[in-house]
Amino acid sequence: MMSRYSRLFVIASLFYLLVGAMMGIFMASFPSLKGIIHFPHAHTMIIGWISMMIFGLAYHVIPRFSGSPLIAECFQKLHWWLANLGMMGMMIIPILQILFYTQLPLLNILFFIFGFFQFLGILIFVIQILKALKFLNSPLSKPKACCNSHECKVS
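Converting from the sequence shown to this note's numbering requires adding 200 to each position, the first position being numbered 1.
For the record, the hints were derived by calculation from the structure and aren't laboratory data.
There may be inaccurate statements among the hints.
Distance windows between CB atoms, simulated [to be verified]:
no., residue 1, residue 2, range
1, Phe319, Val261, 17 to 27 Å
2, Trp281, Pro231, 34 to 44 Å
3, Lys234, Thr302, 13 to 23 Å
4, Leu330, Phe300, 21 to 31 Å
5, Ile271, Leu214, 21 to 31 Å
6, Ile271, Phe316, 17 to 27 Å
7, Ile313, Ile246, 31 to 41 Å
8, Arg207, Ile246, 15 to 25 Å
9, Lys234, Ile327, 14 to 24 Å
Don't be surprised by glycine CBs; every beta carbon is placed ideally from N, CA and C.
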């Protein structure tokens, strides 16, 4: 069974897929919106849909395949919150900047902060996965010696 945060990453991924698809429909239906939502659409589809799905599935699959656990579930929780807060900010801030025809320093700072949340979440993910891959304790990772078996005869 998937952990809570693996499931939440997959659910968030599906949410961002729907939001990104709606943005795409709006861009196709109203070409004047293309300039406004092109950047958030790209972030929603790549970071929101694709990355969140990869995070959720990797957190579930890699520890099982490697035979080595993740560091702790609290890091998945922190990653989930950082990634989703960052994603929301990276969807909303560019739209606000374009709608208000301004590059307010506050909006630029907020965009940087939300982007930094994304970076921290990705860093947590990389550390967790590298930890799980570092110690390959799985019996599947070591081939069994079968020199006397008929299965391993070299032709």
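Okay, the hints, checked on the actual structure:
1. Distance hint check for Phe319 and Val261: the Cβ-Cβ separation is about 24 Å, which falls inside the suggested range of 17 to 27 Å.
2. As the Cβ distance of Trp281 to Pro231 is approximately 36 Å, the hint placing it in 34 to 44 Å holds.
3. Range check, Lys234 to Thr302: Cβ separation about 20 Å, and the 13 to 23 Å hint holds.
4. Judged by the Cβ atoms, the range 21 to 31 Å given for Leu330 and Phe300 is violated: they are separated by roughly 41 Å.
5. The supplied range of 21 to 31 Å is met by Ile271 and Leu214, whose beta-carbon atoms lie about 26 Å from each other.
6. In this structure the supplied range 17 to 27 Å holds for Ile271 paired with Phe316, their Cβ-Cβ distance being about 21 Å.
7. Evaluation of the 31 to 41 Å hint for Ile313 and Ile246 yields a failure: the beta carbon distance comes to about 20 Å.
8. Arg207 and Ile246 have their C-beta atoms about 21 Å apart, which keeps the hinted 15 to 25 Å range intact.
9. Between Lys234 and Ile327 the beta carbons are some 38 Å apart, a value that contradicts the proposed interval 14 to 24 Å.
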